[in-house]
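J.: Below, each chain spelled out in residue letters.
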Amino acid sequence: MMYWPLCPSSNPVRSILILGFGLVVLSIASLFIGVIDLRPGDLWRDRAALELVVVSRGPRLFAILITGAALAVCGKILQMLMKNRFVEPMTVGTGQGAALGILIAAIFFPTAPLLSQMGIAAISALIASLGFIAMARRLPPTQPFLVALVGIVYGGILGAIMVFIAFQADLLQYIDIWLTGEFSGVLQGRYELLWLAALVAALSYLAADQFAIAGMGRAASINLGLNYTQVVLIGLVAISLVTAMTVVTVGMLPFVGLIVPNIVSRLYGDNLRHTLPVVAMMGAGLVLAADILGRVVRYPFEIPVGVVLGVVGAVLFIWLLYRPARYAG
Amino acid sequence: MITVSNLTHRIAGKDILHDISLQIPKGQITALIGPNGAGKSTLLSAIARLTPHQTGQIMVDELEVGTSASNTLAKRLSILPQVPEIAPRLSVAELIGFGRYPYHKGHPTKVDRQKTDEAIVLFELDELHSRPLDTLSGGQKQRALLAMTYAQDTEYMLLDEPLNNLDISTSRSLMQLLRRLAETRGRTVVIVLHDINYACSYADRIVTMKDGRIGRCGAPAKIVDAGMLQHVFSTQAEVHIVNGRPLIEV
Numbered sequence: 001m002m003y004w005p006l007c008p009s010s011n012p013v014r015s016i017l018i019l020g021f022g023l024v025v026l027s028i029a030s031l032f033i034g035v036i037d038l039r040p041g042d043l044w045r046d047r048a049a050l051e052l053v054v055v056s057r058g059p060r061l062f063a064i065l066i067t068g069a070a071l072a073v074c075g076k077i078l079q080m081l082m083k084n085r086f087v088e089p090m091t092v093g094t095g096q097g098a099a100l101g102i103l104i105a106a107i108f109f110p111t112a113p114l115l116s117q118m119g120i121a122a123i124s125a126l127i128a129s130l131g132f133i134a135m136a137r138r139l140p141p142t143q144p145f146l147v148a149l150v151g152i153v154y155g156g157i158l159g160a161i162m163v164f165i166a167f168q169a170d171l172l173q174y175i176d177i178w179l180t181g182e183f184s185g186v187l188q189g190r191y192e193l194l195w196l197a198a199l200v201a202a203l204s205y206l207a208a209d210q211f212a213i214a215g216m217g218r219a220a221s222i223n224l225g226l227n228y229t230q231v232v233l234i235g236l237v238a239i240s241l242v243t244a245m246t247v248v249t250v251g252m253l254p255f256v257g258l259i260v261p262n263i264v265s266r267l268y269g270d271n272l273r274h275t276l277p278v279v280a281m282m283g284a285g286l287v288l289a290a291d292i293l294g295r296v297v298r299y300p301f302e303i304p305v306g307v308v309l310g311v312v313g314a315v316l317f318i319w320l321l322y323r324p325a326r327y328a329g
Numbered sequence: 001m002i003t004v005s006n007l008t009h010r011i012a013g014k015d016i017l018h019d020i021s022l023q024i025p026k027g028q029i030t031a032l033i034g035p036n037g038a039g040k041s042t043l044l045s046a047i048a049r050l051t052p053h054q055t056g057q058i059m060v061d062e063l064e065v066g067t068s069a070s071n072t073l074a075k076r077l078s079i080l081p082q083v084p085e086i087a088p089r090l091s092v093a094e095l096i097g098f099g100r101y102p103y104h105k106g107h108p109t110k111v112d113r114q115k116t117d118e119a120i121v122l123f124e125l126d127e128l129h130s131r132p133l134d135t136l137s138g139g140q141k142q143r144a145l146l147a148m149t150y151a152q153d154t155e156y157m158l159l160d161e162p163l164n165n166l167d168i169s170t171s172r173s174l175m176q177l178l179r180r181l182a183e184t185r186g187r188t189v190v191i192v193l194h195d196i197n198y199a200c201s202y203a204d205r206i207v208t209m210k211d212g213r214i215g216r217c218g219a220p221a222k223i224v225d226a227g228m229l230q231h232v233f234s235t236q237a238e239v240h241i242v243n244g245r246p247l248i249e250v
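Top to bottom, those sequences are chains Y and P. According to the numbering used here, the residues represented by the first sequence are 1 to 329, in order. According to the numbering used here, the residues represented by the second sequence are 1 to 250, in order.
Be aware that one or more of the hints could be misleading.
[Claimed, not checked] Only pairs whose alpha carbons sit at most 30 Å apart, straight line, appear in this in silico BS3-like list of lysine-lysine: (1) P:210 to Y:83; (2) P:210 to P:26; (3) Y:83 to P:105.
[Said to hold, decoys possible] Derived list of chain Y stretches under chain P, where covered just means 3 residues or more per stretch with a C-beta under 8 Å from a C-beta of chain P: (4) 203-213; (5) 222-234; (6) 267-280.
[Unchecked claim] Chain P residues, not near chain Y, derived (Cβ > 10 Å throughout): (7) 36; (8) 54; (9) 177; (10) 213; (11) 243.
By construction, these hints were calculated from the structure, which means they are not laboratory data. The beta-carbon is built from N, C-alpha and C at its ideal position, and this holds for glycine as well.
Using the sequences and the hints, build the whole thing.
T.: This is the structure we're talking about:
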């Protein structure tokens, strides 16, 4: 019999171990790469070195890991809910919706606490996602790329509206922070919202089976006693929350939610109970690697991780599209 | 017993189902036959709560469709729609395992795995169990989907044209398997069939449908004749009796 990588008895445990090891190595590297010279030994001898890790390098590392993992998980869930492999929160207007929301919050409720502003961003992200789903429903299901294309156009329109509002309100310099993701601004006390995103992403694992079944379609879901509409809504709320928290804290990161779930799906299939942990780890690894690359490529200057991901992600995506499918599909 | 009373379903002012009343007995194979657009699939979807019905009542034993909890119904009645849109990349065993979802809700137990294995053996999928669905042939995929429906372990199984795109040997072995399920395990099968000869050979009871209405119902030998074919399908065909069962000339 031929060897099929997609096998229920071979949980992707090996992959989890390898990814885990890689993540640890990259994480350690991430802590010791930066403008201020820091060596492992310094942590014992030098109080300032320890402080650097606690205040800046540590939070940055956590922010990267959480963002990467949560965005990849959200991308996978969105792909299941929309039954389309070519969508991700940043290309269907969710990210732009979140940015638009935070801009509106900044204009109308500038003194509101961060959590309320984030709430406005999340609601706006949810509305933007629902708007996209309403549009995507009218597209022929036989043309998956059309959905992705419309999403990109839709995100572009939302982005343009945002630029217009920002221009009118003289806030243009702000929106760049939300549109291009980067981690150099992450410091202790300014990224903790992301732990909430981590919590939401982790909780969504509890509904892994539900999302997998929703991916089989409405009829199959109802047949199995699942409240399809409710599952779709819960998924969209989770995605909107995570996206809003990410955009508000570090800005938009493209491609993570697109590339990672596609690679994992090719290797291990779509039984989310087994594959979501791999998706999360690979997402964290990709963003971490991209961030490290952005830090060393023009050392001591930094290239925003959003830019690095844009380049790396685009190349990976084209490779994914053109690579002959492993299965006959 | 499935009891449908006074079911009417309209789409855009047109009656797709017109005042349908029907009883489907337990432990038998009931075949729904009729020309394209007769409303067979709509009726099946209504019974399986995929299409909310507008007027009338549908009872599955003591459970009323529409008011009973969806998950309770999922343990009593399963449906295999005509064109299942299984897009996720799943292996055969994973797909069949999802048939157990109404029972395990995401935490499969030993019993669920046993039932999955049983379905794999029964539908002769042993060699294919770790194959991704999208590498299977049409017949193999159909068998996997039926095995999933079987694993759902429901008393009632609604199958919408499961023989579509299957060759004669696969079709026959599938119908023989359904016969066994009805006879030895008391499963109730409601099946939409296009080929009346399959209905005549394997069904206990035939329900004819035309223009959203129920026509003659009964054992194949009682209702299948030239007059019925003329009335329901508007075609003239001779009917022979072979081994006590009607056989239609094609």
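J.: All the hints need checking, so say for each whether the structure fits it.
T.: Hint-by-hint comparison with the structure:
no.	hint	verdict
1	P:210 to Y:83	violated, 35 Å
2	P:210 to P:26	holds, 24 Å
3	Y:83 to P:105	holds, 21 Å
4	203-213	holds (count 7)
5	222-234	holds (count 6)
6	267-280	holds (count 4)
7	36	holds, 20 Å
8	54	holds, 17 Å
9	177	holds, 20 Å
10	213	holds, 25 Å
11	243	holds, 36 Å
In the structure shown, a violation is registered for the earlier hint numbered 1 alone.
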